[in-house]
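Engineer: Listed below, chain by chain, are the residues.
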Amino acid sequence: MKQETISSLVARRAFLRKIGRAATCAGAIATAGALGVTQKVAAKSEPASSRGSFPTPDYDWTKRRWGFGVDATKCIGCLRCVEACKRENNVPADAHHFNTWVERYVYLEGEAKARVDSQADPQNVAASGSEKEYRFDNRYQDSKVEKAFFVPKLCNQCEHPPCVQVCPTGATYKTKDGVVLIDSKYCIGCQYCVQACPYGARYFNVRTRVTQKCYWCYHRITKGLQPACVEACPVGARIFGDRNDPQSPISLFIRNNRVQVLRPETGNAPNVFYVGIDKEVG
Amino acid sequence: MPKHIVRLIALMVAGLALGLIAKWFFTVESFYEYGHYRANSVPEIAAQEPAYKTARYCQSCHSERHAQWSANNHKTVNCETCHGAAKGHPQKAKLTIPADTRKLCTLCHEAMPGRPRTQPQIALTQHSGGQQCVVCHNPHAPKLAGVVAKMAGDAAAGSKKHAASCASCHGAAGISPNDTWPNLAGQNAAYLVRILGAYKSGDQTDVMMSPIAKTLSDADVQNLAAYYAGLSCKAAPSEGRAGDAGAGKALAKNCAACHGETGIASNPAWPKLAGQRAGYLVNALKAFRAGLRKDPMMAGVTRGLSDADIANLAAYYAAQSCEPVTQARKTQ
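As they're listed, the protein sequences go chains A and B.
With the numbering used here applied, the first sequence covers 77 to 358.
With the numbering used here applied, the second sequence covers 2 to 333.
Isolated chain B, as found in the complex (with noise of 0.2 Å):
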C-alpha cells in the first residue's frame, strides 16, 4: 500500500478515535441510558416539591370544616381552589379567600354566555344588592335552606288545631301575648312547615315546642302553617324596648338580602321579622350565636354581633310594618 494512503488511514482513525474519546468525555453520565436525553434529568423533575397539597393535608387541621364542606355542593371545589395553594401554609401564611367574594365567585358564577346551563349563574347586579356573597351564602355549604316546602295545607283543619294546642302561647290570632314568644300571624308558611319539621325531628330543640311538635303529624304541620299564613299580622307594637331602632336599621342592611330591606323575606322558606316580638328575636338571634339553633347562614352572620346590635336589630325589626311593602305602596 502506497505511504500516503496509509498515512491517511492513520489520519482518519486518529480523527475517528479523536471524535469517540471527546464525546465519551462531553457526554454526562446517564445519558442513552434510556434514550437521547440525561436520564438524571427525570427523577430531577420528579423530585419537585408539588405547591398543591390537596383537600386531604387541609383536613389533617381543619376537619370540621372539612366535613360540613364534603357534604355540601361545593364538595367538588377543591379547596386551594379558592384559598389558594397550601404550600407554606401554615408556617408561612393563612389562606384567606379574598376580601371581594363579589369578585371571586363571580369568576364560576357570573352568567356568561358559553357557560353550561347546569352551572349556576347569577346577574350580580340583580342579585345581592351590593353585598357580599358570604353574606348570605357559606361558602362551605353554599346552598341556601331556601328550599321551599310543598305547601298543601287546609286552613280551617289548622285553625282548630291551633285552638288545641297552639293559641294558649302564641294568642288567639297567632299574636303572642308575650314578648319572648313569636308572633305567627302572617308568617311564611314554608318557613313554619320547615321550623315545625325541625322540632318534630329534633334538629332544633325547645322545651315547649319539642314536645308538642314530637305530637304532630305531618299533615298538621301543613295545615297549621296554612292557617297561620292567612292570619292578619296587624298587632298592637311592642312597647319600647332596649334597643335603639336607627342603628339596627344600619345593622339590617346586612340582612336585607335575604329577610328584606324591612324583615319581609325575599323567599318563602325564611322567615319574615317584619313587626316581631323583639323579646323573641333577641333571644332567636342569641341562640344562633351560642349554637344552639343551628343555621350555618345564621351562625356565620350572627358571629360577630354584640349584645348592643342584637338588641338594636330586634328593635328595628319589631318596629317595621309586618305587611308586604308592595301592598303598602298599593295602599299609599
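Isolated chain A (complex conformation) (with noise of 0.2 Å):
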C-alpha cells in the first residue's frame, strides 16, 4: 500500500518535471510566439494611409459622417420604403422581419392613448393580400379621428450604440463614417444585440442564422447613391446625406428645423433626427 503510493509520488514528480521541461520550452517558443505576434498585430494595425482609401478605392470613410433624418410630417404611410428595402437588402419577404418599417398613430376622440398600428399588424397583411406586400388599412375612416400621423423608423446608428457594446465576437461595429454595421461571418447568432436594442432595430434571420438590422444600405451609400428607402420615398419623407457637407440635406435638415432624437434618456445619442412626431412615439 505504502509502496504503491511512493511509487504514485515518484510518478507525479517525474511528471512534473516533465511539464516543467515543457513549459520551458513552450516559453522559449512563447518568446518567440509573442515576437510574431507583435510583428503580426504591427502588421494588421499598419495605418489606413498604405492601404489607400478605405473601405473602397474611391470611398474614404474618414471624409464622412453619415445623418439621416425623418420628417413625419410628409410621410404618407404607401410603405413604399419598405417594400424597397426588402428588396435591396434581402430581407425575409414576410410580415415578421423589417430593416425600416412604419408605425401609424391614431388618436380618437375621447381616448387619452395612441392606437398604434404597422404594416405587421394582421388587419394591414389582409388589406394588402399578401406578407410580401405592405399597405395600411383604411380602418379609421368612419373613426372620429382627432389626430393621426405615420411615423418611418429604422436604426438610429447610435454614437454610443448598446448593441456593439453586448456583442461577444466584435460581429457588430461602428465604422468610422457612423454607420453600425454587422460582420455576418463573425456573428455567432447569439441574439445579445437584439435584446440590447431599445429600439427593437434588430431581428435574428432564422434562415441565415445572423442578426439583422437597417445600415442605412451601406453598400449604397458608399457608391454615392442614396439609401434604397430613401430613393423610393415619393414624398421626401426621408433625408440623408454628410453631416460634414453643410449644404447636404441632412444639414439643411437638422440646421432648419427642430428636430429630436427617439429615447434620448437612453444615451445612445441616435442619428436618426425626426421631425413633426408626438410625445408617445418612443
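Simulated from the structure, these hints should not be mistaken for lab results.
Here the structure is a predicted model, which is why all the values come from computation and not from measurement.
Heads up, the beta-carbon is just placed ideally off N, CA and C, and yes, glycines get one too.
Hints are not guaranteed to be accurate.
Here chain A is said to cover these stretches of chain B; the calculated rule only asks that three of the stretch's residues, wherever they fall, bring their Cβ under 8 Å from a Cβ of chain A [stated by the list, open to error]: (1) 5–13; (2) 30–38; (3) 51–63; (4) 81–87; (5) 108–116.
Simulated DEER-style distance windows between Cβ atoms [said to hold, decoys possible]: (6) A:Val337 with B:Ala251: 53 to 61 Å; (7) A:Pro322 with B:Pro297: 22 to 30 Å; (8) B:Pro297 with A:Val337: 41 to 49 Å; (9) B:Thr119 with A:Lys261: 43 to 51 Å; (10) B:Glu30 with A:Pro322: 37 to 45 Å; (11) A:Arg283 with B:Ile98: 51 to 59 Å; (12) A:Arg334 with B:Glu65: 38 to 46 Å; (13) A:Gly343 with B:Gln127: 27 to 35 Å; (14) A:His236 with B:Arg66: 42 to 50 Å; (15) A:Pro322 with B:Asp155: 33 to 41 Å; (16) B:Val29 with A:Cys266: 13 to 21 Å.
Make the complex out of the two chains shown on their own, each in a separate frame, by following the hints.
Structural biologist: Right, dumping it as C-alpha cells:
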C-alpha cells in the first residue's frame, strides 16, 4: 500500500518535471511567438494610408459623417420604403422581419392614448392581400380621428450603440463614417444585440442564422447613392446625407428644423433625427 | 527562490504564452485594424450590388418617358417606386407596373386619416366609377388637362365675332353644316378657351383653324367661348354613319370617367361629346391616335383603338342627347 503511494509520488514528480521542461520549451517558443504576434499585430494595425482609401478605392470613410432625417409631417404611409428595403437588402419577405418599418399613431376623440399599428398588423396584412406586400388599411376612415400621423422607423446608428457593447465576438461595430454594421461571418447568432437595442431595430434571421438590421444601405452610400428607402420615398419624408457637408440635405434639415431623437434618455445619442412626431413615439 | 515558486511562475508564463499563441492563431486577418472587429468585413459589405438603380439608369434607354416624367407632378416619385427595382432589367425581367392600378395608386392616394393635407387623396368609391386609374391618368404626367380656365367672356361681343369669323364653317347658330366640322353650340366654355388658346399658341395646328385663331385676341377667345356655351345645342341628328352605336356604347365605358356616360363631360375643361358630329369625332380620334393632336391622356386611350372602334364610338356619341342628364331627368 505504502509502496504504491511512494511509487505514485515518484511518478507524479517525474510528470511534473516533464511539465516543467515542456513549460520551459513552451516559454521559449512563446517568446518567439509573442515576437511574431507583435509583428503580426503591428502589420495588422498598419496605418490606413498604406491601404489607400478605405473601405473601397473610391470611398474614404474618414471624410464622411452620415446622418438621417425623418420628416413625419410628410409621410403618407404608402410603405414604398419598406418594400424597397426588403428588395434591396434581402430581408425575409414576410410580415415579421423589417430593417425599416412605418408606425401609424391615431388619437381618437375621447381617448387619451394613441392607437398604434404598423404594416405587420394582421389587419394591414389582410388589406394588402399578401405578406410580401405592404399597405395600411383604412380602418379609421369612419372614426372620429382627433390626430393621426405616420412615423417611419429604422436603425438609429447610435453614437454609443448598446448593441456593439454587448456583442461578444466583435461581429457588430461602428464604422468611422457613423454606421453600425454587422459582420455576418463573425456573428454567432447569440442575439444579445437584439435584446440590447432599445428601438427594436434588430432581428434574427432564422434562415441565415445571423442578426440583421438597417445599415443605411452601406453598399449604396459608399457608391454615392442614397439608401433605397430614401430613393423610393415619393414625398421626401426621408432625408439622408453627409453631416460634414454643410449644404447636404441632412445638414440643412437639422439646421432648418427643430429636430428630436427617439428615447434620448437612453444616452445612446441616435443619429436619426425626427420632425413632427408626438410625445408617445419612442 | 524556492523551486516550487519558480515552477509556478514558469507554468504561468507558459500559460500566457499559449494563450497569446492561441489568440494570434485564431484572430483572423484585419481584426483590430480599426477596432475590435474584422476590418475586411467593411469592404465586403460595401461591395454588395445595389438593386435600385435610380432614375438615371432608366433614362439611358427610356429618355422620352424620363423627360415627360421629370417635367410633371410625379417627378418626386422615382421610376422604381412604382416599377420595382431595376436590378436584372432589361436582361431578365420587364418592369411593368401591376395591372391593378387601383390598388397601386391608392397606396399613396387613398383618402386616409394621418395623411398630410397636401397629399392628393381620393375616396375610391366616389372617384373613378370602377375604372382603372390609368384610363384617365397618365402615371408619368398624372395631372389631367383639367385646369378650368378663368371665364370672363361677353357673349354679345362673342356673337359679333362669331358672325364675322366663324359662322361660315361652324354654322350660324354654332351647329355645323358639315359632318367633319364640330358643332360648337353648348360646348363647355373652358374647353373652348383651352382649345382656341392651343390653336393660337401653335400647340395644336389645323389648316383652317390656325390662321384664324392667330388673329383672335385673348378677349375674343373668352367672348366666343361664352357665346357658344350659351347657345342651344339641339341639332338635327346627323345622318347615319357606318359606325355601330351599340358597340360604341360598350367602348364608351372607358371614356365615361372624363367625358361622362353619354358624353357630357364631368369637368368643364374637357369637351362635351354628346350630339357632336360623327365625322368630326372620327377625325379627332384618329388625329389623337396618330399623335397629330397632342394630349398625353388621349394619346394613351386612343392607342388601342381600331378604325372600326373609332367609328362605333363616334356613332354612339353623335346619337346622344347633348342636354345634360340632370336636366333631361327634370323634364321627364
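Engineer: If any of the earlier hints don't hold here, list their numbers in rising order.
Structural biologist: The structure conflicts with hints 7, 11, 13 and 15, although it agrees with all the remaining ones.
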